[in-house]
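Respectively, the protein sequence lines represent chains A and B.
Going by my numbering, the first sequence opens with residue 5, and the numbers climb by one from there.
Going by my numbering, the second sequence opens with residue 5, and the numbers climb by one from there.
Honestly, I wouldn't trust all of these hints.
[Said to hold, decoys possible] With a straight-line Cα cutoff of 27 Å, these simulated DSS-like cross-link-like pairs (lysine-lysine) come out:
id: 1; chain 1: A; residue 1: Lys9; chain 2: A; residue 2: Lys88
id: 2; chain 1: B; residue 1: Lys9; chain 2: B; residue 2: Lys116
id: 3; chain 1: A; residue 1: Lys138; chain 2: B; residue 2: Lys116
id: 4; chain 1: B; residue 1: Lys58; chain 2: B; residue 2: Lys9
id: 5; chain 1: A; residue 1: Lys138; chain 2: A; residue 2: Lys9
id: 6; chain 1: A; residue 1: Lys10; chain 2: B; residue 2: Lys88
id: 7; chain 1: B; residue 1: Lys138; chain 2: A; residue 2: Lys9
id: 8; chain 1: B; residue 1: Lys116; chain 2: A; residue 2: Lys133
id: 9; chain 1: A; residue 1: Lys88; chain 2: A; residue 2: Lys105
id: 10; chain 1: B; residue 1: Lys61; chain 2: B; residue 2: Lys10
id: 11; chain 1: B; residue 1: Lys133; chain 2: A; residue 2: Lys9
id: 12; chain 1: B; residue 1: Lys10; chain 2: A; residue 2: Lys138
id: 13; chain 1: B; residue 1: Lys9; chain 2: B; residue 2: Lys34
id: 14; chain 1: B; residue 1: Lys69; chain 2: A; residue 2: Lys138
id: 15; chain 1: B; residue 1: Lys34; chain 2: A; residue 2: Lys116
id: 16; chain 1: B; residue 1: Lys69; chain 2: B; residue 2: Lys88
id: 17; chain 1: A; residue 1: Lys61; chain 2: A; residue 2: Lys88
id: 18; chain 1: A; residue 1: Lys69; chain 2: A; residue 2: Lys116
id: 19; chain 1: B; residue 1: Lys9; chain 2: A; residue 2: Lys133
id: 20; chain 1: A; residue 1: Lys116; chain 2: A; residue 2: Lys58
id: 21; chain 1: B; residue 1: Lys116; chain 2: B; residue 2: Lys133
id: 22; chain 1: B; residue 1: Lys34; chain 2: B; residue 2: Lys69
id: 23; chain 1: A; residue 1: Lys138; chain 2: B; residue 2: Lys9
id: 24; chain 1: A; residue 1: Lys116; chain 2: B; residue 2: Lys105
id: 25; chain 1: A; residue 1: Lys69; chain 2: B; residue 2: Lys34
What the hints contain is simulated information worked out from the structure, not anything from laboratory work.
Protein chains: 2
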Amino acid sequence: MFDDKKIILASRSPRRQMILTEAGIDFIVKPVDVLESYRNNIPIDEVARYIAEKKTKQFPYLREKEIVIAADTTVIVDEVILGKPADYEEAAQMLHLLSGKTHHVTTGVCIKDRHQLVSFSDTTLVEFKELTDKEIDYYITNFEPYDKAGGYGIQEWIGMIGVIRIEGSYFTVMGLPVHKVYQALLNF
Amino acid sequence: MFDDKKIILASRSPRRQMILTEAGIDFIVKPVDVLESYRNNIPIDEVARYIAEKKTKQFPYLREKEIVIAADTTVIVDEVILGKPADYEEAAQMLHLLSGKTHHVTTGVCIKDRHQLVSFSDTTLVEFKELTDKEIDYYITNFEPYDKAGGYGIQEWIGMIGVIRIEGSYFTVMGLPVHKVYQALLNF
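Isolated chain A, as found in the complex:
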């Protein structure tokens, strides 16, 4: 797929790399480090797209045929973005917040080459069953979800036993709305 392009994935997330690989898209990885900060006046569901755009700004000089893809994923519950949990306590707090409720996962994407830039986002609703203290403890102890926004990975144990329903794209929750990325790449 897209063999005439040189696609650069600006992310060190193994999930995003896996998704692009499974979608048959060849790419190289060039992770960027940006401060994931944003002004207060950005609507909460635009934050992920804003940060994805910020990440592509680290590539001001692209060569002909080079395309950079950046993404950012936010977990939103009760109008608040949950970041990555710093420790066991924070992870447990987040999972208690998500338990028995529906939350939003929004992944923002920015794709650009020398000539154009597109950015968009995609949102999936995720509903957790009531998680027991034992399940939350088992998950955090065994999976240490400290690199994951919202304190969980949908493809991990807690996602398999705890998520009773999603509405939208599964891959958006994992970190990349691959159906939209594919469709956008057709226009590059």
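Chain A is fixed; fit chain B onto it per the hints.
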């Protein structure tokens, strides 16, 4: 998980085996071959559960602590069940049927031990974008989905680029509503 039980998965599906493994459930595999036939008077959305029950009937003599899990997945579009495509033509026909539409995937499950039996099913809506002839041809040629009900695997290329939205459980589409299996096993 469930280490005091001896769980038997009555399925040769590598997807089902992967899902149970990722959910941390230990099991052994004992595939069964049943004729996947059913009487006409069974409601279409009960067929999968009926066939799952039929599969567990192959285990009439279970020992104490043994639990058998069987499942069957049906792809339903326009009130018709799509089976496994026999050849390229049939696979292409099925994908054209699914293109640009929402269909249902129902997975039926039967779990039993010496003392009890539970069966249930779970349904997920899956919406495909309009697939191009080129995309359908690329998929069938490269993935040969002849072992897959409806002619596609959601975790494969066509699922990643073609499915724009699901409503329900992703794993139900893959072949096992693992959240319900886990919850049911807690009562065994």
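We went through each hint and held it up to the structure:
1. A:Lys9 with A:Lys88: Given pair Lys9 of chain A, Lys88 of chain A is violated - Cα atoms ~33 Å apart, limit 27 Å.
2. B:Lys9 with B:Lys116: OK: Lys9 of chain B and Lys116 of chain B at ~12 Å, within 27 Å.
3. A:Lys138 with B:Lys116: 25 Å, holds
4. B:Lys58 with B:Lys9: 22 Å, holds
5. A:Lys138 with A:Lys9: 48 Å, violated
6. A:Lys10 with B:Lys88: Violated, at about 37 Å.
7. B:Lys138 with A:Lys9: Within the cut-off at roughly 19 Å; holds.
8. B:Lys116 with A:Lys133: 24 Å, holds
9. A:Lys88 with A:Lys105: Holds. Lys88 of chain A to Lys105 of chain A sits at ~19 Å (cutoff 27 Å).
10. B:Lys61 with B:Lys10: 18 Å, holds
11. B:Lys133 with A:Lys9: Cα-Cα ~24 Å, so holds.
12. B:Lys10 with A:Lys138: Holds: Lys10 of chain B and Lys138 of chain A sit about 22 Å apart, inside 27 Å.
13. B:Lys9 with B:Lys34: Between Lys9 of chain B and Lys34 of chain B the Cα gap is close to 16 Å, so the pair holds against 27 Å.
14. B:Lys69 with A:Lys138: The given pair, whose Cα atoms are some 23 Å apart, holds under the 27 Å limit.
15. B:Lys34 with A:Lys116: Violated, because 50 Å separates the two Cα atoms, which is more than 27 Å.
16. B:Lys69 with B:Lys88: The given pair, whose Cα atoms are some 35 Å apart, is violated under the 27 Å limit.
17. A:Lys61 with A:Lys88: 23 Å, holds
18. A:Lys69 with A:Lys116: 10 Å, holds
19. B:Lys9 with A:Lys133: 24 Å, holds
20. A:Lys116 with A:Lys58: 12 Å, holds
21. B:Lys116 with B:Lys133: 39 Å, violated
22. B:Lys34 with B:Lys69: The given pair, whose Cα atoms are some 16 Å apart, holds under the 27 Å limit.
23. A:Lys138 with B:Lys9: 19 Å, holds
24. A:Lys116 with B:Lys105: Given that 27 Å is the threshold and the Cα spacing comes to 31 Å, the pair is violated.
25. A:Lys69 with B:Lys34: 51 Å, violated
Consistency note: the structure conflicts with the earlier hints numbered 1, 5, 6, 15, 16, 21, 24, 25.
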